[in-house]
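Asks: Okay, here's what each chain looks like letter by letter:
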Amino acid sequence: MYNQTEILKDTSELGADGELVINMGPQHPATHGVLHLVVTLNGETIKKIEPHLGYIHRSIEKMCESLTYRQFIYVTSRMDYLSSHINNLGCALLVEKGMAIEVPDRAKYIRVILSELTRIASHELWLGAMAMDLGAFTPFFYAFREREMITDIMEDTCGARLTMNYIVPGGLMYDIHPDFQKKVKAFITQFKSKVTEYEDLVTNNVIFQSRTKGVGILSAEDAISYGCTGPVARASGVSCDIRKLYPYEVYDKVEFDEVLETAGDSFARYIVRVKEMNQSIRIIEQLIDNIPEGDFVGKTKNVLKLPKGEFYTRVETARGEFGVYVVSEGGTTPHRIKFRSPGFSNLSALNHIAAGSKIGDLMASMGTLDLVIPDIDR
Amino acid sequence: MTNEEIKEYISSLAPAATFDETGEWLNILVEPTALKPLMADLRTGKMQMNYLFCLTCVDFKTHLTMVYHLSATTHRQSIVIKANLNRDTPVIETVCDIWRTAEFLEREVFEMFGVNFTNHPDLRKLILEEENPKGFDEKKGYWPLRKDFEDPINMIKL
Amino acid sequence: MFLKEYIADVVNGVSSLLKGMRKTGYYFVHPKEIITEQYPDNRATLLMSERFKGEVVMPHDAQNEHACTGCTACELACPNGTIKVVTKFEVSPEGKKKKAIDALVYRLELCTMCNLCVVACPSDAIKMAPNFEHSVFDRTKLTKVLNQPGSKIREGIE
Amino acid sequence: MFSLEGITTSVQDWLFMKFNPTMALAMECVIVILLAISLFAILGLVLVLMERKVAAHIQIRLGPNRVGPGGMFQTVADTLKLIMKEGLVPDMADKFLFNLAPFVVMMVGMLLLAPIAFAKNFQIWDINIGVLYISSVSSLSVIGILMAGWASNNKYSLLGAMRSGAQIVSYELSAGFAVLTIVVLTGSLQISEIVKAQENGWWIFKGHIPAIIAFVLYIIAVTAETNRAPFDLAEAESELTAGFHTEYSGMRFALFFLAEYINIFIVCAIGATLFFGGWMPLHIGNWAAFNHIMDYIPSSVWFMGKTFFLIFLIMWFRWTFPRLRVDQLLNLEWKYLLPISLFNLLLVAIIAILGWHF
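Protein chains in written order, with this note's numbering: chain X, 1 to 378; chain G, 1 to 158; chain S, 1 to 158; chain P, 1 to 358.
In case anyone wonders, no lab produced these hints; they're calculated from the structure.
Each hint can be trusted.
Simulated DEER-style distance windows between Cβ atoms:
no.: 1; chain 1: S; residue 1: R107; chain 2: G; residue 2: P32; range: 43 to 49 Å
no.: 2; chain 1: X; residue 1: D289; chain 2: G; residue 2: T18; range: 49 to 55 Å
no.: 3; chain 1: G; residue 1: F19; chain 2: X; residue 2: V38; range: 42 to 48 Å
no.: 4; chain 1: S; residue 1: V119; chain 2: G; residue 2: F19; range: 39 to 45 Å
no.: 5; chain 1: X; residue 1: V38; chain 2: S; residue 2: E5; range: 40 to 46 Å
no.: 6; chain 1: S; residue 1: R43; chain 2: G; residue 2: D148; range: 50 to 56 Å
no.: 7; chain 1: G; residue 1: D20; chain 2: S; residue 2: V91; range: 55 to 61 Å
no.: 8; chain 1: S; residue 1: L46; chain 2: P; residue 2: K81; range: 25 to 31 Å
no.: 9; chain 1: S; residue 1: L3; chain 2: P; residue 2: H292; range: 43 to 49 Å
no.: 10; chain 1: S; residue 1: R107; chain 2: G; residue 2: T118; range: 46 to 52 Å
no.: 11; chain 1: X; residue 1: V195; chain 2: S; residue 2: L46; range: 28 to 34 Å
no.: 12; chain 1: X; residue 1: T189; chain 2: S; residue 2: R154; range: 43 to 49 Å
Predicted, not measured: the structure shown is a model, and the values here were computed from it.
A virtual CB, placed ideally from N, CA and C, is assigned to each residue, including glycine.
Construct all of the structure, not just a fragment, from the sequences and the given hints.
Replies: Here it is, written out as structure tokens:
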């Protein structure tokens with residue numbers, strides 16, 4: 001028969017006060033990837049969360065040190081794969097800034113439209129996955145239906161659905177697909193007619209609201225101190241939209257609102273993202289009919305050499321502020337490159353916002369932080 | 001605040017600081033020992049630099065340089081603080097009690113560059129395995145992002 | 001007062017749930033909205049975008065001629081070492097020596113479909129093909145020679 | 001007219017003619033057991049397929065469509081796979097309890113089958129305390145779940161089992177009260193009596209608003225009791241991976257899976273019996289012609305139709321709503337369902353005493 005004490009010893013490999021230590025991940029349905037959280041529980045209540053990273057660490061920063069300024073852009077698609085286009089844009093902007101490359105207006109417009117489409121696609125996926133974390137499976141499929149239209153547009157124009165690599169320093173790799181405008185407009189109509197579905201199924205649902213309201217509260221001071229950016233910080237009332245603060249490309253020419261909420265809980269983060277999708281639609285609507293004619297790529301030298309010095313650019317990805325810091329020694333490859341990924345900083349706030357709540361709340365908090373693991377590990 | 005005013009203000013706090021205005025932002029190079037008090041004052045004093053948006057380290061082969069990008073959500077001015085460290089025994093005081101985000105970023109720098117942060121509450125490896133790979137030269141240290149790092153198995157030279 | 005709030009709570013909660021059920025119920029009784037793609041069955045009608053980056057190919061014309069001069073621009077542009085250009089010297093009937101490719105080795109298993117080689121190519125000799133069914137049982141089959149056997153460079157391309 | 005009653009009567013007559021009474025009774029038992037097991041197997045296959053199809057159509061998908069016409073044999077293929085799979089037992093698990101748990105859960109389902117009236121005069125055991133029997137036996141399933149959670153020696157399983165314990169014990173109450181409203185209206189605990197009382201109209205129509213409230217409460221409570229979404233906290237795959245059956249694989253997992261669907265069937269069958277008149281056809285007042293046509297539909301079809309309608313309702317819930325949190329789950333029971341059901345019971349008692357129902 002069995003040995004009673006042996007069983008007891010094993011299920012209680014824990015500290016004082018009957019704490020239970022469980023390993024959430026690296027294979028866990030709610031961590032969306034290979035995030036490993038060591039969660040210390042007291043009954044159902046979380047006492048401490050300790051993230052263990054690195055399961056998908058590819059040392060992209062080291063890799064980039066041996067790639068030229070044309071080549072390193074494609075690697076950044078593999079970090080935050082949901083906003084890969086915006087990552088690419090950040091890197092291209094850095095090279096353009098460092099070498100003072102003139103980018104044609106047409107390329108700028110298209111870059112912004114694609115960035116906003118990427119943002120919507122990312123938020124759509126997040127919405128579905130977040131609802132699934134909370135136990136509602138169906139919104140996932142509805143969200144993916146709309147996302148599919150965006151990935152189709154991306155496929156037509158960029159040639160890939162996720163890791164587009166459509167941007168080169170100085171502009172775009174090739175011109176947009178002839179059907180681009182038509183398809184984007186079709187998407188906008190479809191999106192606008194389906195947005196009410198998310199409201200019925202998710203936003204107004206009493207169970208969803210009770211699961212997210214007042215859960216995982218992050219105050220504005222803490223959000224700044226933890227370096228949170230993007231929807232996470234904006235839900236706490238911190239104005240941090242790079243598109244507004246430090247406009248790049250044509251963001252200074254378009255009208256849109258920075259969505260700010262003050263509650264700082266999971267529901268506020270949810271609302272910020274949903275409203276941001278509408279703002280993105282607004283930006284696209286303003287630009288889609290006004291893409292100027294002209295070149296899609298500016299004149300660049302064949303071999304790009306960044307002057308000696310340090311360069312930093314930031315762009316607003318779907319998750320927040322993505323910064324690229326390059327130390328150049330004047331050669332064709334960067335001496336040191338550092339990616340300030342939004343997910344990394346957002347993750348560091350997880351212990352703060354989820355400690356003291358229930359396991360179910362951890363899913364809501366983690367879901368609304370919108371963690372993309374390759375972005376965190378890099 | 002103009003750059004001149006910032007320079008003046010920082011010079012009053014850290015007299016040994018040198019300035020560099022060639023880049024986008026004002027770069028301030030300070031002694032590692034003078035870093036912590038300066039940072040504390042930048043956060044709480046007149047500058048109110050409450051947002052540390054990038055913390056990293058650069059290996060210049062002769063020395064390591066800690067780079068802190070600071071900004072403020074009130075007046076949106078960014079400055080860069082740097083501190084040169086000895087490559088053999090890099091030690092600097094932590095800033096994670098000033099900005100909470102520094103805790104993870106410093107852990108990352110610790111495992112990638114081997115910089116020791118004194119007074120850090122939990123200085124462990126964050127991304128890599130706890131144990132260094134077998135057969136690795138322990139004397140040189142296992143700091144992957146340093147320039148002289150060699151990994152015969154996983155690094156492919158093209 | 002409390003009772004009123006209590007009842008309002010219950011009524012609002014139930015009505016929000018019913019709204020959601022109406023939406024899912026709508027889709028349940030409208031099979032036309034189904035978006036499933038039955039992949040292996042719809043292969044004949046499946047339309048891939050002509051720009052889809054599936055693999056690198058080298059188009060040959062009817063005379064079995066390609067446009068590759070063997071300049072190795074693609075090899076230099078590739079970030080992963082996917083392409084290897086093996087060149088040879090062809091002697092033309094007039095006795096002039098001319099550089100030409102012996103083999104353009106393309107390793108699909110290393111390729112990230114970044115399109116940089118296609119952009120770099122000065123004579124448009126390679127392009128991306130919208131083929132995505134790459135699975136094979138043997139990894140060596142993923143290493144391909146792109147120029148067809150016996151092919152030669154098209155006249156007039158330098 | 002097709003009737004199951006005729007078949008059972010003739011089989012019984014034949015048995016008693018051929019054998020002595022004890023032998024005949026034993027053989028009847030064997031037949032009933034075989035029928036029950038085969039019913040379980042068929043129900044499992046049908047309900048799993050139904051769940052997948054309902055989910056797929058709600059989620060604008062096609063669902064299983066490869067094995068057999070329209071994917072009809074998908075569950076058969078799945079079952080074959082599960083049978084052939086190795087049933088792993090975790091190293092430090094309590095092997096005896098670990099193996100016992102799925103059978104305990106299954107057994108509860110089998111016991112609950114006894115008093116259900118599948119058709120007119122087609123009932124295994126018309127016990128005179130039928131409803132009481134059902135409410136007492138159905139709470140036993142928590143033992144199997146706790147057993148599984150504890151014996152797995154897995155923290156996720158343990159958490160899931162503990163949640164399930166708290167959940168089933170509390171929702172038992174409002175389910176009981178919802179059932180009691182019908183008992184008050186009927187004045188009997190016997191299932192056949194309850195069905196007979198609905199000859200001239202189902203309780204959900206006859207019992208005014210209190211009966212409708214009781215029905216809603218019943219559906220919510222049994223959804224929780226069978227650990228179905230939005231109350232599937234015991235499994236909660238995004239939180240506890242798979243809850244109490246995290247460590248189960250192969251046939252033991254299949255038994256848990258089957259038990260879940262059997263339990264749904266049974267609670268829906270009871271719901272159909274109590275609120276929708278069981279096998280009683282739809283009769284409307286004095287529309288004699290209409291009632292006569294309705295009588296032509298076999299009673300078993302009526303029963304199954306109603307049951308499957310309720311099953312569909314529960315599946316519809318699952319694929320629409322997010323999951324509740326564990327404290328909200330208990331709040332819902334103790335702050336909303338229980339007070340409402342107590343008040344409702346009072347209302348029904350008044351109605352029954354004053355004879356206001358039809």
